Amino acid sequence: MTRKLIAALAAAAAFAAGPALAQTLEVGAYPSNPPWEFKNEQSEFEGFEVDLVKEIAERLGVEVNIQDYGFQALFAATSSGRIDMAISTITITNDRLQNQAFTQGYYDSDLGLVTGTEGVETLEDLEGRPVGAIAASTGEKWIGENSGQYGFGDYRSYTTQQALLLDVANGRVAGGIGDILGFEFAAEQMPQIRVAQRIVTGETFGIMLPKGSEWLEPVNEAITEIKQDGTMAELYRKWLEAEPAEGTSTVTVLPIPQAE
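Terminal number for the sequence shown in the numbering used here: 306, no gaps in between.
In case anyone wonders, no lab produced these hints; they're calculated from the structure. Treat each hint with caution, since some may be false.
Pairwise CB distance ranges, derived in the manner of DEER restraints [what the hints assert, rightly or not]: (1) E90 - E170: 39 to 47 Å; (2) T298 - V246: 17 to 25 Å; (3) G197 - K284: 39 to 47 Å; (4) D275 - I302: 15 to 23 Å; (5) E289 - V246: 18 to 26 Å.
No more than 25 Å apart at the CA atoms, straight line, and that leaves these computed lysine to any residue pairs for SDA-like [said to hold, decoys possible]: (6) K100 - E263; (7) K100 - E260; (8) K284 - G217; (9) K100 - A68; (10) K85 - E263; (11) K273 - L262; (12) K284 - T270; (13) K85 - S155; (14) K187 - Q243; (15) K284 - E92; (16) K85 - Q113; (17) K273 - T70; (18) K85 - F231; (19) K187 - D213; (20) K100 - G127; (21) K100 - S295; (22) K273 - Q243; (23) K273 - V110; (24) K85 - E280; (25) K257 - D213; (26) K85 - E260.
For clarity, every value in this text was computed on a predicted model and none was experimentally measured. Each residue gets a CB set at the ideal place from its N, CA and C atoms; glycine is no exception.
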């Protein structure tokens, strides 16, 4: 009997006495977020987190259906139960844990400043200049909390990363704040932009689910197995072309986050 079959049978046995879980995981994803989520030429989802949820579904013995959502729309979709869970480099925060559930984290990140404007090398250089971020992102929240300190000019909110980066490249905003890895990946494709500064925030990405979801425990247990047997590290090497550092959430089993 294979390990994955054993895991699937164990999950089925654990929940046999309770309400039956669906046979398909409905997953929401923002499609313009490489290398985490993006669509290939056949309009099929690919990426680190796409491979992760497919691996989770296989271990649970269910199918997976990934649906296209804007980043901000993911939060309403999980809250309303339209989807079982959401991916798209969603940072686990205490504010979000008040209304949503999260699995253990699996990637540690920071924010970054991306710019295409000459003379912008640090956050201090953005004084009086327009800045932007994706709506409902931790980048947007960070700008709101730090605007007074740095004296940012107008704030512009975007529904897609592509729109934000185009405005950065064209100088319509002097800087964008968001996930540094996504910006670094984009900068490889867009020579007009560069990542000028890392903003250390200690963020950790997790899978977001509705509060009280029956999927939380089995999905989280699958992530534990994926870390323990080295599969998560394989995904890291495949999509990020690097080795995960010892002690990071990619290779360390963590508890399910709880709201404070």
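Tested hints:
1. E90 - E170: 39 to 47 Å: holds (43 Å)
2. T298 - V246: 17 to 25 Å: Check passed, 19 Å falls within 17 to 25 Å.
3. G197 - K284: 39 to 47 Å: Holds: the Cβ-Cβ distance is about 42 Å, inside 39 to 47 Å.
4. D275 - I302: 15 to 23 Å: Cβ of D275 to Cβ of I302: about 20 Å, so the range 15 to 23 Å holds.
5. E289 - V246: 18 to 26 Å: holds (21 Å)
6. K100 - E263: Holds: K100 and E263 sit about 17 Å apart, inside 25 Å.
7. K100 - E260: holds (18 Å)
8. K284 - G217: violated (33 Å)
9. K100 - A68: holds (15 Å)
10. K85 - E263: It is violated: about 29 Å lies between the C-alpha atoms, which goes past 25 Å.
11. K273 - L262: Given that 25 Å is the threshold and the Cα spacing comes to 17 Å, the pair holds.
12. K284 - T270: Status holds; Cα separation ~19 Å.
13. K85 - S155: holds (23 Å)
14. K187 - Q243: holds (18 Å)
15. K284 - E92: holds (12 Å)
16. K85 - Q113: Holds, at roughly 11 Å.
17. K273 - T70: holds (23 Å)
18. K85 - F231: holds (15 Å)
19. K187 - D213: With Cα atoms ~19 Å apart, K187 and D213 stay inside 25 Å; holds.
20. K100 - G127: Holds - the C-alpha atoms of G127 and K100 are around 20 Å apart, at most 25 Å.
21. K100 - S295: holds (19 Å)
22. K273 - Q243: violated (30 Å)
23. K273 - V110: holds (20 Å)
24. K85 - E280: Holds, because 21 Å separates the two Cα atoms, which is no more than 25 Å.
25. K257 - D213: With a Cα-Cα distance of about 36 Å, the restraint between K257 and D213 is violated, given a limit of 25 Å.
26. K85 - E260: Judged against 25 Å, a Cα distance of about 29 Å means the pair is violated.
Hints 8, 10, 22, 25, 26, counting from the list given before, are not met by this structure.
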